[in-house]
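Undergrad: Produce the complete structure using the sequences and hints provided.
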Amino acid sequence: MRAPATSVRGGRPTTITSQATARMFVAPAVIVAAVLLYLPFLWAALLSFTEYRGLGAPEFVGLDNYAAMFDDPNFTISLRNTVIWVLGTILVPVALGLLIAVLTYNHRFGTWLRLPFLLPYALSGVGIGVVFGFLLQTHGAINQMLDFLGLPGAATRFMIDAPINTFTMIAAASWQAVGVNALLFVVGLQSIPKSALEAARMDGAGPWQLFRHITWPLLRPLTTVVVGLSIVASLKTFDIVWTMTEGGPGRRSETLAVTMYRETFSMQRFGMGAAIAVFLTALTFIAAMTYLRRQLSERPEKVR
Amino acid sequence: MKRTRRTIPPLVAAAMLLVACGGGGETDGVVGFYHDKAQWEAEFAAVSAVSQETLGTELNVVGYADDAAYDSFIRSSFLTDQRPDLFTWHTGGPLAELVEEGLVAESGHLWDAAIADGDVPADIRSFFEIDGATYCVPLLSDYWVMYYSVPIFDEYGFEPPQTWDELMRIADTLLADGQIPFSLPGGIFSFVWFQQLMLGMYPDVYEGLADGTANYTDPEVVEVMELWRELAAGGYTIEPGVEIGPAEMMRDGVVAMQPFGTWFHGPLNGLELTSGEDYDVFVMPSINPDLSETSVVVELGPLCQAEAARNADAAQEVLRWWMQPEAQTEFTVARNGMSYNPNAEAADPRLVEVSDQIATGHRIHNRYFEASPPQVSTVAMEQFDAFMADLGDPMDYLEQIQRVHEQHWSE
Amino acid sequence: MTRAAGLVVRPGSIAKYTVLGVLSVLWLIPTYLLIINAAKPLDEYSTANAWVPSLRIGLFDNIADAWGRVDLASGAASTLLYATVAPALAILVGAAAGFAIIALRLKYGFVWFMVIFAGTIVPLQMLLAPLFLGYAWTGMFDTRAGMILIHLALNVPFATFVMRNFFTGVAYEMFEAATMDGAHALTIFFRIYLPLAKAALGAIFILQFVGVWNDLLMGLTLTQSSGVRPAMTALVGLQGMYSGAAPTAVLAGGLIMSLPTIVLFLVAQRLFRQGLSLGQLRDTT
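Protein chains in written order, with the working numbering: chain S, 1 to 304; chain V, 305 to 715; chain B, 716 to 1000.
Some clues are possibly wrong.
Said to hold, decoys possible - Just a few of them, taken from the derived set where beta-carbon distance is under 10 Å, the chain S residues facing chain B:
#, residue
1, Gly54
2, Ala233
3, Gly273
4, Thr284
5, Ala288
As the list claims (entries may be wrong) - Output of the computed footprint for chain B on chain S, the stretches with three or more beta carbons under 8 Å from beta carbons of chain B:
#, segment
6, 32–39
7, 106–119
8, 127–136
9, 180–192
The hints are simulated quantities; they were obtained by calculation from the structure and are not laboratory data. Think of the CB as a built atom: it goes at the ideal place given N, C-alpha and C, for glycine as much as any other residue.
TA: Take a look at the structure:
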């Protein structure tokens, strides 16, 4: 694999002045991220080597928090749930989003056909939590529906039984995320030249072949964005778990971000919370780097 | 294309204008009053209006809706000049932690005066004492009682039970008729049945768990957990994971009885239910008939003054006033609850009767959540929550709690 | 209007509409439940008959109830300010960074890109405690400027990510040609690259608007007075076991706070298309 920095550089020699200008253009973003994101994170990272309960002075304990973290069975469960979240989030909302985009783009009423999927994203979490309570509670609407249709699973306690509760929450998260993914894919699909599709259709390509050989490869820049963001976001899953189960029953549906929040703010173990945060950040960084290096560093031959 | 450039400066100018008017810090003569009971924003505002009239002191009431965010705000605020004058907190371990750091002002003389005036029952003072000194004043107090549905009790001709056997006879009758007798609070309330059953059987062990002299693996604790498992497995309590609001469960008769603090009046009245007509309360009888006194839990929220409060004198006056009948009546009526001050009025006379009843022949305990060290209670609540989900062997869960319990008390 | 392929009846059409129809119904269920229950008069609200709409409309009473319990009006004004200004600035900053990396060919561009983008991988919850301290020490705590600044910072990595990706798709010859004409980088950025990216800019803005609009954690941590605190933070106070607020008020409050984002999405869908058809990326045959 070629180094990304050189691969981006074209044939045109870069001059000193343009580099100075380039640095000025990139500076605001770097400064904002450094001061408001990295500096606080550094503070947290340093805390991970201490014992601190939010009062008095932190006490240096070396790697104790990390050792305790890897020993904790709750951490293992949390890590497992997080991996389920990543896989589930790439599979369900991304695939469904693509499906809906392909089915509705270029349709006269595409905007309206996509509306049911976009509404959930725009709805605020307050209220939606209550509604999901109706649906997913023990003996709730979903159970009744399954029972009525004679389908299996009518006795499932969707919010209680692990790991089913994690699958349930992935479904709820997908409900919210699909529309945006569909919208992003539509933007991508619309940038695909009609001429390419027409030409292939002339050659007698069916809908599946069109998709497989023309649409899918040309969608790649967008798929990269959608999948890349899904990986990062799903590794940090917090809000939906915190509102729906608070990680319970017990701590069985916690994700790493929930474990970190609980350790820090419910149990006031700042050092332990920080250690999990450092681990989660490293994990996310490695996942994102691996994925993006593969996807972004190879400059597509032709984008148009 | 030019439009892009022209629209930016007005946008920035408008933004800067809006940004300029932000919130300010504390001004002199205004006492900062921080609380984590955001649902009572209107109720606190009503009290503030009266304090301004009586004391000439305005309360700058700031409410937080999220416990974790509030706790960490208060803790961190002592490192900054955002520290509060007055703030609500928890008794027990969390208060001890702040006191240890010298962050809370003593309030002993305020208590002396209030007890002398008959505004505060002397027996709750101990919950506010740490190493012989008294801190904070009670913001409110609520007894934990059994709420029951009056229509359901009327239908079967039940009277509020005086003994555990009577209570179980009621439950058996309901169960045989397909009516779920009890609720099963989960999450942050997963300790409720543990607390109620422990106090009904072994109140001394309950206290022992709180001060480290008893163990979670003791046979008494195991026996209590077994009883809990029996009740839940036998269908006496509703299944875990039912997300119907507790007040709604009462209105729709989903369950007949719910153990809760007397603050439950608020949500019930929010659903337009009437005390005495739609719901009523009784003190849960002891399970062990040999106990001379019935144990009752009191939930006490302290209102504390920061040691380094900027408006220390005004803040102290507010604390003194808070325990007096005027403030207590105002707050109690506004939130439709009960008051620890017998001279205060309550919106519901039933609550006055209940507190009078509890005042004699009952033993008062701190709520489990406050009574236990936070490190232990957090783990315990997780384990109780998991126990309810799968009703497994109690020992598995108790051993987990015992581990942190031992660790905490050995330090 | 291009030829609408969807109107031609082909064998796949039936399958296509069946799939869309089933998915749409499934997707609308929670929204349906939210609306009918937010609109119920309190005495008819019950989990047991959540599916059945009421013939009497209680929506406005419920909204008034929520409105009376928390100061939603001033909260909504703050929320609107944060949700418009912070994403707008973030997009500008992010686009500038993407422009520097792709068009101006910044040395070690990918490294700089990763430095900015890695800001998005930091778990937000971990920043809360240090941000509070930093804000309190610098006088930024409980100020509108502070809220805009943190939302700006949180949104810049995503904006940079998308804009960098977008600018890779812009033909480099365009930049070269403009440079040959003697145009300054600033001019090229504002007059050529930004207008080209309208659709992408619009998409990021809308996503980030919704994100800031629904933010809870930053509002909880960095604000407290009613003039600065966003509406969502205030609304959350109505939920919970202790709350005396009726569930219908919570539902109605949640619904009314969703209206602006729903309207934005409706408008946005058209914006996406317009932006694209004006841009250079569409091949019109």
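Undergrad: With reference to the structure, classify each hint as holding or not holding.
TA: So, going through the hints one by one against the coordinates:
1. Gly54: holds (7 Å)
2. Ala233: Result: holds, 9 Å to nearest chain B Cβ.
3. Gly273: holds (7 Å)
4. Thr284: holds (4 Å)
5. Ala288: holds (6 Å)
6. 32–39: holds (count 7)
7. 106–119: n = 13 at 8 Å, threshold three: holds.
8. 127–136: Our answer is that it holds, as 9 residues pass the Cβ test (under 8 Å) against chain B, meeting three.
9. 180–192: holds (count 7)
In terms of the numbered hints stated before, the structure departs from none.
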